[in-house]
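S.K.: Residue numbers (the working numbering): 271 to 593.
Where hints are given, some of them may not hold.
What the hints assert, rightly or not - Calculated cross-link-like contacts (lysine-lysine; reagent style DSBU-like; alpha-carbon spacing at most 35 Å): (1) K387 / K414; (2) K387 / K522; (3) K458 / K387.
Stated by the list, open to error - Computed beta-carbon distance windows for the label pairs: (4) P299 / G559: 16 to 24 Å; (5) A392 / A509: 32 to 40 Å; (6) M446 / A392: 21 to 29 Å; (7) P288 / I485: 46 to 54 Å; (8) L466 / R295: 44 to 52 Å; (9) M446 / G312: 43 to 51 Å.
Since the hints were made in silico from the structure, they are not lab data.
For every residue, glycine included, the Cβ atom is placed at its ideal position computed from N, Cα and C.
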Amino acid sequence: MIETGQATARQHSRRSIPYGARESRWRAPGGADVRRIDWGEGSATRGSVLFLPGRGDFYEKYLESLGEWHAAGWRVTASDWRGQAGSGRLGIDPLTGHVADFADWVRDLAALWAEWKVTTPAPHVLIGHSMGGHLALRAVVEGKVDPTALVLSAPMLGFVGQPLPPAVMHTIARVMRALGDPRRPAWKWSEKPGVLPTTRAALLTHDEDRYEDEIAWRETRPELAMGPGSWGWVERAMASMRALAAPDVLEKVDLPVLLIATRVDRLVSFAAIERAAERLPHAELVAFGEEARHEILREADPVRDRAMETIADFLAREAPASR
C-alpha cells in the first residue's frame, strides 16, 4: 500500500514538468510548429525512447512513465502531433481534432525520427499509445522509421462497436465527410463546450487520481483541451486502419513488436489488435481483462506496474544497451 505522503509526491511529479526535462518546439514539414519534451540529454546510458501519445492526448499525461524510463537510464523524448495539445488546431473550432490526412502525421514522425535518431544514443525505441501506436506502426510499415524495437499500447487498429464491415463503415464515413465541412465534429462531446463528459473516466482508467492528472493539466494549460474528432479525422482514420489491415502488409515488419491491450477496451478493437499480433512476424501480445481500461499506462498500480515491467523485460531482450 502507498502511504499518503508517497502518493502525494507521486501525484505532484505527475502534475509538474520535472527538473532537467526541457520543453521546446520543432519545425515539422510545411512549417508546423510542434511541441516536444526531452529528458536525459547527455546522461542517458541505456539508449533512447521516443514516445507518441494518442488522439486528443498530450505528453504531460505520461510524465510518470517517461520519468520511469528516464530513471532506468533512457534518454526520453515525447512529441505532440501537429494540430493537437499545445501544437495548434486544424479543426473548425478550438476543440475539434482534425487532420487532412494521416500521411501528414507520418511525414512529421519521419522528419522527427531522422533528426532525433542522429542526436541520441542507440538503441532507439519507439513507443506509441492508441493513435500514436497506429501511426508508429504505419511509419514502420512504410519504412519511414527504423526502431530497434516497437511498443504499442492499446494501438488504434480498429474501432469498437462498428455494426457493419469496415469497408461499409468507411463508405459511410466518406459520405459524411463529403456532406459538409470535413473539419466539423463527428460526435457530440458535452452539453458545455470544453467540459469533459462525466462518463469519460470509465473509458480510460480505474485510477481516479491519474484521471484527475489530466484535468489538472487542462486547468494549468487550457490550450491542451481537445474534444471530438472531425469527420475528416474519422474517415482518414478508417482509411489508414484498412490500409494496415490489407494482406501482406504487417507480415513485412521485420522487428520485434510488443502489443499491450485490454480485452474490454471500449475505444479501440481488441480483436483487431489480436489479429495484428498474429500477423506480425516477431510480435508479443500481453492482454489484460476487466482490470484494465484503455489507458493502460495510466491505470491503477497493479495493472500499470505489470505493463511497465513487461515493457522493461521486452526491451532488455530486444533492445539491449549498446556497448
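S.K.: It remains to establish, for every hint, whether it holds in the given structure.
M.R.: Comparing the hints with the structure gives:
1. K387 / K414: holds (12 Å)
2. K387 / K522: OK: K387 and K522 at ~22 Å, within 35 Å.
3. K458 / K387: violated (40 Å)
4. P299 / G559: 16 to 24 Å: violated (41 Å)
5. A392 / A509: 32 to 40 Å: With Cβ atoms ~34 Å apart, the hint holds.
6. M446 / A392: 21 to 29 Å: violated (45 Å)
7. P288 / I485: 46 to 54 Å: violated (20 Å)
8. L466 / R295: 44 to 52 Å: Given a distance of about 27 Å, which is not inside 44 to 52 Å, the answer is violated.
9. M446 / G312: 43 to 51 Å: Since the Cβ atoms of M446 and G312 sit about 49 Å apart, the hinted range of 43 to 51 Å holds.
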